[in-house]
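**Q** Chains as they are written, first to last, in my numbering: chain V, 1 to 630; chain E, 631 to 1253.
Source of the hints: derived by calculation from the structure; they are not laboratory data. This structure is a prediction, so every number in the text was calculated from the model and none was measured. It is possible that part of the hints are untrue.
Said to hold, decoys possible - Ranges between beta-carbon positions, derived for each pair: (1) E/Asp992 with V/Gln392: 47 to 57 Å; (2) V/Leu603 with E/Asp825: 50 to 60 Å; (3) E/Lys822 with V/Ala53: 34 to 44 Å; (4) V/Glu445 with E/Asp992: 31 to 41 Å; (5) E/Asp825 with V/Gln533: 31 to 41 Å; (6) V/Asp148 with E/Lys822: 36 to 46 Å; (7) E/Gly744 with V/Asp148: 23 to 33 Å; (8) E/Asp825 with V/Lys581: 42 to 52 Å; (9) V/Ala112 with E/Glu661: 54 to 64 Å; (10) E/Gln1061 with V/Gln392: 44 to 54 Å; (11) E/Pro680 with V/Val116: 26 to 36 Å; (12) V/Phe109 with E/Asp825: 49 to 59 Å; (13) V/His291 with E/Val941: 11 to 21 Å; (14) E/Asp863 with V/Ala365: 55 to 65 Å.
Unchecked claim - Which chain E residues stay away from chain V? Per the calculated CB distances, all over 10 Å, these: (15) Glu681; (16) Glu833; (17) Leu939.
For glycine and all other residues, C-beta sits at the position ideal for the given N, C-alpha and C.
Residue-level listing of the chains:
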Amino acid sequence: MARMGGGPGARMGDKRFNKPENIKQTAKRLTKQFSNQYGRIIFIIVILVFAAALEIAAPVFLRDLMKRISSDMAALQGGASGTYFNFASQSGGILITVIWETLLKDFGFIIALYLVSAFVKWLANWIIAKISAYFAYEMGKSFKEKLDRLPLAFFDRQTFGEILSRGTNDINTISNSLSEVLFQIVSGVSLLIGSLIAMFVTQWELAFVAIGTIPVSLLLAGFIAYFSQKQFIKFQYKHGNLEGHVEETLSGYNVIKLFNQEEHVTKVFDDINDDLKRTEFLAVWISSVVHPSLRFISNVGYVVVCVVGGIVADVPTIIAFLMFLNLFSQPIHNIGSIVSTIQTTMAAAERIFTVLDEKEMSPDAVNAITSEVGVHGDFSFENVSFSYSPDQPLIQNMNLHVNQGDTIAIVGPTGAGKTTIVNLIMRFYEIDEGAIKLDGIDIREYSRGTLRSAIGMVLQDTWLFHGSIKNNIKYGRTDATDEEIYEASKAAHADHFIQTLPGGYDFILNEDGTNISQGQRQLLTIARAMISQPKILILDEATSSVDTRTETLVQKAMDRLMEGKTSFVIAHRLSTIKNAKTIIVMKKGQIVETGSHQELLALNGFYAELYNAQFMGSNPMESLEIPAES
Amino acid sequence: MIKLFRFIGKQWWQVVLVVVLVFIHSYLSLELPQYTGKITQYITEAAGTPEGIQSAKIWEYGFTMLGISLIVFVLMVIVMAINVHISSMFANRLRHAIFTHTQEVSLNEFQKFGTASLLTRITVDVRNVKNMLQFGARLLIMSPTILIVAIIRVIPINPRYIFIVALGIPVLLIVLITILIKAGPLFTAIQKKIDRVTLLMREGLTGVRVVRAFNQEKRENKYFDQANKDMTDTTVKAVRTTSFLGPTINIVMNVTFVAVYIVAFALLNNQLIVTADDGLRVMNSFSEAVVISQYVMQIMMSLVMLGFLFVMLPQASASAKRINEILDTKNTILDPINPIVDTKTTGVVEFRDVTFKFPDADVPTLCKITFKTTPGTVTAIIGSTGSGKSSIINLIPRFYDVTEGELLVDGINVKDYTQNNLREKIGFVPQQALLFSGTIRDNLLFGNAAADNKQLDVALEIAQAKNFVMKLNKDESLDQEAALSLALEAKVAQGGRNFSGGQKQRLSIARALVKKPEIYIFDDSFSALDFKTDIRLRSALKNYTKESSVIIVAQRVSSIMDADQIIVIDDGKIAGIGKHNKLLEDCAVYQEIVNSQLDPEEVEKTKLMRQQILAGEGGNNNG
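In isolation and in its complexed conformation, chain V is listed as follows:
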């Protein structure tokens, strides 16, 4: 942004020009999704065709009616009667009287045609509303349930935004476009074909005029669309530029003010803004020309019909034809939007199916252990190998034994593999080789649910959900009593600050829990873990965001919690793990040193270096010159 070049993150806002890979296959699969609604859908198609037929029939009947009226009028001189009018000779002239019964009956019939057609279309709309809404519901449900069966590796591969957009935007896109596509295609095709037939049958010369307008309209619309499309793509790109610059400027608000860069930043903005304005103008104006152009062509057709009709046919035919033209041009005007709707829908469907096709986690073993009784916390890693990606080996042939009740601390620089150990114990990932055993039994023989409820976990990532503090703490164990909640909260030193919040325990945390500080969030997650009464504890940087004084206090509660239980503690603050029974020092996925704090210091190796560095006022664990993940 400093000197804006290509611009960061040029985004394709609404993926307008996303071309799907394989339309046919996706379309087939998409239609299968509706298999339980086939009956209703066919019904809708039938009645929509019926409605279109009625709409076309109306002008035909109207024309006949008008012809008869015309001939009545022509018979005026004779002083006779017609179908709808009585002409009676009277002194001085001819008296006209309307034969109301016939007239109203025939007009009534035409009105009836319109009424039935309108009713039928309304009915179709009514039915479709439910079908498309419930389609979205089912898809959303399947999607969410599928996510539960996917391994964590899937979530690591992409941003949340990506997945979220598929589960929400893409599903919405499909359900919104469903009725539009169905209606437009069915009605459109019916009207097109039907009115063409009607026109040919009525007056073939005029029918050719109508047909003549098709290629012209399509060509014109296509031509304009081609130019405007280019501009729209440019517009999206430049708008992405603008958004990128604005977002970066707003995020770096402080720094900009501190370095008096307001003027500079505004100038860059103005340049992009002005550039955007030009493209915006072109894109919108060019595409806005489509409608008047199509109207103009319709008008020309209209004119020609009038003229040729005037020469070749009679007034009723002209009127009927004008009505046919109306019905006929609707679908043509809509072709452009239909094509793009279909494209977007297919693209969205493809994106959803990709997720639904993902490989799932292996299910729990058939006779999985489902009871926590008998879980003591004796762990052993036997020749365990694991890596997140095959070309970057992480843990290789690791062996470790942990006795029940021991506190094991794991230290090492970032990327050494500490959190990985945790991930493997919790079976968030499956190991590649070897076995992890709990109380002598391979953890794969426990059901995942049992394994995880026996282990209490406090993560560095303080995830809390949108809800009350009480409910967030209760997440640890849904049958916890209020008393137990307050106890755990006090032990975690969270009670005091909770009381200072409006509403106390009923205070609602917002999304991501950002209305309390990071340190406070961490205390809540500790309370949450405490209340789950686990047999085994995993503490991953549990107090990294809490200041050292508070940490000392919380430590006491944590110590009580860890008493007698097997605990795995990962910490950057070496002061918190000095008292562990065994310290495991990891580096690049390997255990390089093991022992108690005193023993390791005596070794004067890697651990000693880390430890001493800590007290120089810096954190060697984050010193590796590895560029952050981008």
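Given chain V, work out where chain E should sit, using these hints.
**A** Frame of chain V; chain E shown alone:
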């Protein structure tokens, strides 16, 4: 929303032009039915005459119609050009106004909105208002024009036809308004429910580990299902409510169309034809009906257009409100009318009994803070999380104003400087290093746009960043100077993502160094550095900054142990002030902090190791 119209600025004459052209356009497009009528009339009349129907005459009418259509088309294209021009200029000006305003307001106002909301307002909300201007304005003119002109055309033919319109319009309006009233809140509700479904799905993603760790998958799905169902039901309701609109419009239009004919014939009923002209008129009543039915259709369509306008209105209105919220936000930190420029001293910061309270808080964050820093000294501020350390240093560049007491820089109250001048004196390195997309040079020049390569070189060296920077864009063939130039062109991604935490911090420090300010403020800026780099950096810094005041905020005692004065903050108050040894003796809070971080013997060991490093490594620069 009317308030925003001031952004149309000098283009008002164009708006008037659009109004006039749209008026002409509507008027002309309503001429076409007349010609249909003329043709049908001619045909009906000519059929009875000896010459019969002359195609030439019909062609004549035809060409006129074509001509009018062409003019109508051209007019519309011109109108659209002007219209789009106006609205894109409008959007441009509006965006500019919002952006510049965000640059002007102070931190407090800014945080009220947040980055995401401001971004949405400058993009989505501006778009909504612009669309309203673009379409709405046009519809607003076309609709009544067509309505009035059509009615005017109809009346001379026979006022009785107005009755049909008079019947159809209310029916249409009633249905339209009822649907809008019912559907409106439903659509707002849908939006909220979509938000909730999205929220739940997102939480399931961000918290996937925690959800699985606590075996809450089933519960999460239950909540999601509830929200999903709720949203679905409301959607069905809303869509079904609006489903009445289409058919109603259809029926009203078609029935009216037919009714015109019936009225035409009703008008004929019991008519006595005496003269030939009478007869002609009777025959033409047919053509009249044709013409009128088309006008009636137009009237109905224009009403429907107005209906759409009303649909757009609430959304555009809401957006306009959000934009006005920003534009109306008053800046609370203002420059003085007669700012002071010259100062006698440089780099002296003095807090006199400063109390500070956040604008909406009840309890003050800082209470009676008093201290002074002088050039050539290092002042450290230490305290636990939430004690108020950051607030103290945020006051110096006037991100907030003090509530009570005085804050002086170089003997002058900070309020008496222009903010620009004040910030020129300060080199601030924030806790989270933030770099901007561009090149390294761009980022460093933030400190001083006129700095030359030599100055950048020095800054990078002291910040211990030169080594890793020189490794970027490496070209063996170049000499030192050219190599540096090339290295400085290395790309920086947004936020500095392509560098590690430690590297970002060093670049952030270099940026401040380039500025060579009178006052340095380091907000816990050395935390991401390893100990060797930290020590070297601070010793190099010492020399470079010896004419400036240095203020360091830290969490760790070991970072600040040898500062010239250490200020201990506890709960917003100064708990102790002095050098390390003195505080160890008489400041309880300081003792607690130290003890929570170090063992007593380790304090000694630390001193020894530090001396060792400094002695052993000299002035080596190791990135």
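**Q** Each hint should be assessed against the structure and marked as holding or not.
**A** Comparing the hints with the structure gives:
{"no.": "1", "hint": "E/Asp992 with V/Gln392: 47 to 57 Å", "verdict": "holds (53 Å)"}
{"no.": "2", "hint": "V/Leu603 with E/Asp825: 50 to 60 Å", "verdict": "holds (56 Å)"}
{"no.": "3", "hint": "E/Lys822 with V/Ala53: 34 to 44 Å", "verdict": "holds (42 Å)"}
{"no.": "4", "hint": "V/Glu445 with E/Asp992: 31 to 41 Å", "verdict": "violated (57 Å)"}
{"no.": "5", "hint": "E/Asp825 with V/Gln533: 31 to 41 Å", "verdict": "holds (35 Å)"}
{"no.": "6", "hint": "V/Asp148 with E/Lys822: 36 to 46 Å", "verdict": "violated (26 Å)"}
{"no.": "7", "hint": "E/Gly744 with V/Asp148: 23 to 33 Å", "verdict": "holds (32 Å)"}
{"no.": "8", "hint": "E/Asp825 with V/Lys581: 42 to 52 Å", "verdict": "holds (49 Å)"}
{"no.": "9", "hint": "V/Ala112 with E/Glu661: 54 to 64 Å", "verdict": "violated (34 Å)"}
{"no.": "10", "hint": "E/Gln1061 with V/Gln392: 44 to 54 Å", "verdict": "violated (32 Å)"}
{"no.": "11", "hint": "E/Pro680 with V/Val116: 26 to 36 Å", "verdict": "violated (46 Å)"}
{"no.": "12", "hint": "V/Phe109 with E/Asp825: 49 to 59 Å", "verdict": "holds (50 Å)"}
{"no.": "13", "hint": "V/His291 with E/Val941: 11 to 21 Å", "verdict": "holds (19 Å)"}
{"no.": "14", "hint": "E/Asp863 with V/Ala365: 55 to 65 Å", "verdict": "violated (40 Å)"}
{"no.": "15", "hint": "Glu681", "verdict": "holds (14 Å)"}
{"no.": "16", "hint": "Glu833", "verdict": "violated (5 Å)"}
{"no.": "17", "hint": "Leu939", "verdict": "holds (17 Å)"}
Of the numbered hints given earlier, the model fails hints 4, 6, 9, 10, 11, 14, 16; all others are met.
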